[in-house]
Every structure is written in C-alpha cells, then in structure tokens.
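**Student:** Sequence:
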Amino acid sequence: MGVFARGKQALAISDRSGLRFPYTEMVREWNGSLVHYSEYEAKQPQLQPRPVGSDPQALQNPRVQRASTP
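Anchor point for the sequence shown: position 61 equals 228 in the working numbering, and the numbering is continuous, going up by one each time.
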C-alpha cells in the first residue's frame with residue numbers, strides 16, 4: 168500500500184478567503200470546506216436545535232368555574 172506525501176512544502180488555497188496557505192496548516196470544517204486554522208469557525212449550536220416537547224394535554228371533561236353570588 169502506498170504512502171501519501173507529507174506536504175511540507177505544498178501550498179493549499181482556502182475555500183473561505185481564496186488565499187494561499189501552507190498545506191500542513193489547513194483544517195476541514197464541519198461543512199467540508201478546507202480552510203486555514205486562523206479562519207476556522209466551529210459549528211453553531213443553532214444549526215441543530217433541541218427537539219421541542221409536545222404541548223400539555225387538555226382536560227377531558229372541563230367544568231366551567233361558577234361565579235359566586237353575594
């Protein structure tokens with residue numbers, strides 16, 4: 168089985184800025200973009216909201232509150 172090159176002198180282009188950086192300093196983001204570690208942004212928690220529970224159950228036979236007469 169072959170071995171990949173280390174890329175000590177290789178350069179890569181950032182998907183975010185289009186600038187050239189050393190290949191060894193590049194990281195992959197959660198969406199698959201290859202960016203420099205100075206441009207890296209972690210995935211925001213709002214992108215995976217927690218499931219919302221169901222509404223409370225209504226009463227089966229509710230009774231109307233009677234007004235008291237003076």
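Don't take each hint at face value.
Stated by the list, open to error - Okay, derived cross-link-like pairs now, SDA-like style, lysine to any residue, Cα gap no bigger than 25 Å in a straight line:
| hint | residue 1 | residue 2 |
| --- | --- | --- |
| 1 | K210 | S235 |
| 2 | K175 | Y204 |
| 3 | K175 | S200 |
| 4 | K210 | E196 |
| 5 | K175 | E192 |
| 6 | K175 | F188 |
| 7 | K175 | L186 |
| 8 | K210 | R233 |
| 9 | K175 | S205 |
| 10 | K210 | I180 |
| 11 | K210 | P223 |
| 12 | K210 | R230 |
| 13 | K210 | Q176 |
| 14 | K210 | Q224 |
| 15 | K210 | Q232 |
| 16 | K210 | S200 |
| 17 | K210 | K175 |
| 18 | K210 | N198 |
| 19 | K175 | H203 |
| 20 | K210 | A234 |
| 21 | K210 | Y190 |
| 22 | K210 | S184 |
| 23 | K210 | E192 |
| 24 | K175 | E206 |
| 25 | K210 | P229 |
| 26 | K175 | Q211 |
Said to hold, decoys possible - DEER-style ranges, computed between Cβ atoms:
| hint | residue 1 | residue 2 | range |
| --- | --- | --- | --- |
| 27 | S221 | G169 | 52 to 62 Å |
| 28 | E196 | N228 | 54 to 64 Å |
| 29 | M168 | N198 | 29 to 39 Å |
| 30 | Q227 | Y207 | 13 to 23 Å |
| 31 | Q211 | G169 | 15 to 25 Å |
| 32 | M168 | T191 | 45 to 55 Å |
| 33 | G169 | P189 | 53 to 63 Å |
| 34 | Q224 | L201 | 44 to 54 Å |
| 35 | W197 | F171 | 16 to 26 Å |
| 36 | S184 | P212 | 21 to 31 Å |
| 37 | Q211 | A234 | 44 to 54 Å |
| 38 | P223 | F171 | 51 to 61 Å |
| 39 | I180 | P212 | 23 to 33 Å |
| 40 | P223 | R183 | 39 to 49 Å |
The set of hints was computed from the structure by calculation and includes no laboratory data.
Cβ atoms here follow ideal geometry from the backbone N, Cα and C, with glycine treated the same way.
**Student:** Work down the list of hints and note, for each, if the structure agrees.
**Tutor:** How the hints compare with the structure:
Restraint check: the Cα-Cα separation between K210 and S235 comes to about 58 Å, which exceeds 25 Å; the hinted pair is violated. Between K175 and Y204 the CA atoms are separated by roughly 16 Å; this keeps the pair inside 25 Å, and the hint holds. For a cut-off of 25 Å, the pair hint linking K175 to S200 stands: about 21 Å separates their Cα positions. A distance of roughly 8 Å separates the Cα atoms of K210 and E196; the hinted pair therefore holds under the 25 Å criterion.
Between K175 and E192, the direct Cα distance comes to roughly 10 Å. Compliance with the 25 Å bound is thereby established for this hinted pair. Annotation: proposed proximity of K175 to F188 holds, straight-line Cα distance about 12 Å (limit 25 Å). With a C-alpha separation of about 18 Å, the suggested pairing of K175 with L186 holds against the 25 Å cut-off. Only pairs whose Cα atoms come within 25 Å are accepted, and K210 paired with R233 is rejected, the gap being roughly 55 Å.
For the hint pairing K175 with S205, the CA-to-CA distance comes to about 19 Å; that is within 25 Å, so the pair holds. For the suggested pair K210 and I180, the alpha carbons sit about 21 Å apart, so the restraint of at most 25 Å is met. This hinted pair does not check out: K210 and P223 have alpha carbons roughly 33 Å apart, beyond 25 Å. Under the criterion of a C-alpha separation no larger than 25 Å, the hint pairing K210 with R230 is inconsistent with the structure, at around 50 Å.
Taken as a hint, the K210 and Q176 pair is broken in the structure, with Cα atoms around 30 Å apart against an allowance of 25 Å. Using a Cα cut-off of 25 Å, the hinted pair K210 and Q224 is violated, with the two alpha carbons roughly 36 Å apart. Our distance criterion of 25 Å between C-alpha atoms is broken by K210 and Q232, whose separation comes to about 51 Å. Proposed proximity of K210 and S200 is supported: the alpha carbons are some 12 Å apart, at most 25 Å.
Using a Cα cut-off of 25 Å, the hinted pair K210 and K175 is violated, with the two alpha carbons roughly 29 Å apart. Distance check on the hinted pair: K210 and N198 sit about 9 Å apart at the alpha-carbon level, within 25 Å; holds. Between K175 and H203 the CA atoms are separated by roughly 15 Å; this keeps the pair inside 25 Å, and the hint holds. Between the alpha carbons of K210 and A234 the distance comes to roughly 56 Å, so the proposed pair goes past 25 Å and is violated.
Distance restraint check for K210 and Y190: the Cα-Cα separation of roughly 22 Å lies within the 25 Å cut-off, and the hinted pair is therefore satisfied. For the hint linking K210 to S184, the alpha-carbon distance of about 18 Å falls within 25 Å, and the restraint holds. For the proposed pair K210 and E192, the alpha carbon gap of about 19 Å is at most 25 Å, so the pair holds. Proximity of K175 to E206 is assessed by CA-CA distance (about 20 Å); at most 25 Å being required, the pair is judged to hold.
Between the alpha carbons of K210 and P229 the distance comes to roughly 47 Å, so the proposed pair goes past 25 Å and is violated. Taking the CA atoms of K175 and Q211, the gap is near 32 Å; set against the 25 Å cutoff, the hint is violated. Checked against the hint of 52 to 62 Å, the C-beta distance between S221 and G169 comes to roughly 55 Å, which is consistent with it. Taken as a hint, the range 54 to 64 Å holds for the pair E196 and N228, whose Cβ atoms sit roughly 56 Å apart.
Between M168 and N198 the Cβ separation comes to about 30 Å, which falls inside the hinted range of 29 to 39 Å. Roughly 55 Å separates the CB atoms of Q227 and Y207, a value that falls outside the hinted 13 to 23 Å. Our hint of 15 to 25 Å for Q211 and G169 is violated, since their Cβ atoms are close to 38 Å apart. Look at M168 against T191: about 22 Å separates their beta carbons, and that is not inside 45 to 55 Å.
Range check, G169 to P189: Cβ separation about 23 Å, and the 53 to 63 Å hint is violated. A hinted range of 44 to 54 Å holds for the C-beta pair Q224 and L201, which are about 50 Å apart. The hint said 16 to 26 Å for the Cβ distance between W197 and F171, and at roughly 23 Å that hint holds. In this structure the hint that S184 and P212 lie 21 to 31 Å apart at CB holds, the actual value being about 25 Å.
Restraint check, Q211 to A234: a C-beta distance of roughly 52 Å satisfies the suggested window 44 to 54 Å. A C-beta distance of roughly 57 Å is found between P223 and F171, which places it inside the suggested range of 51 to 61 Å. Between I180 and P212 the CB atoms are about 29 Å apart, so this pair conforms to the stated range of 23 to 33 Å. Here the CB-CB span from P223 to R183 is close to 45 Å, well matched to the stated 39 to 49 Å.
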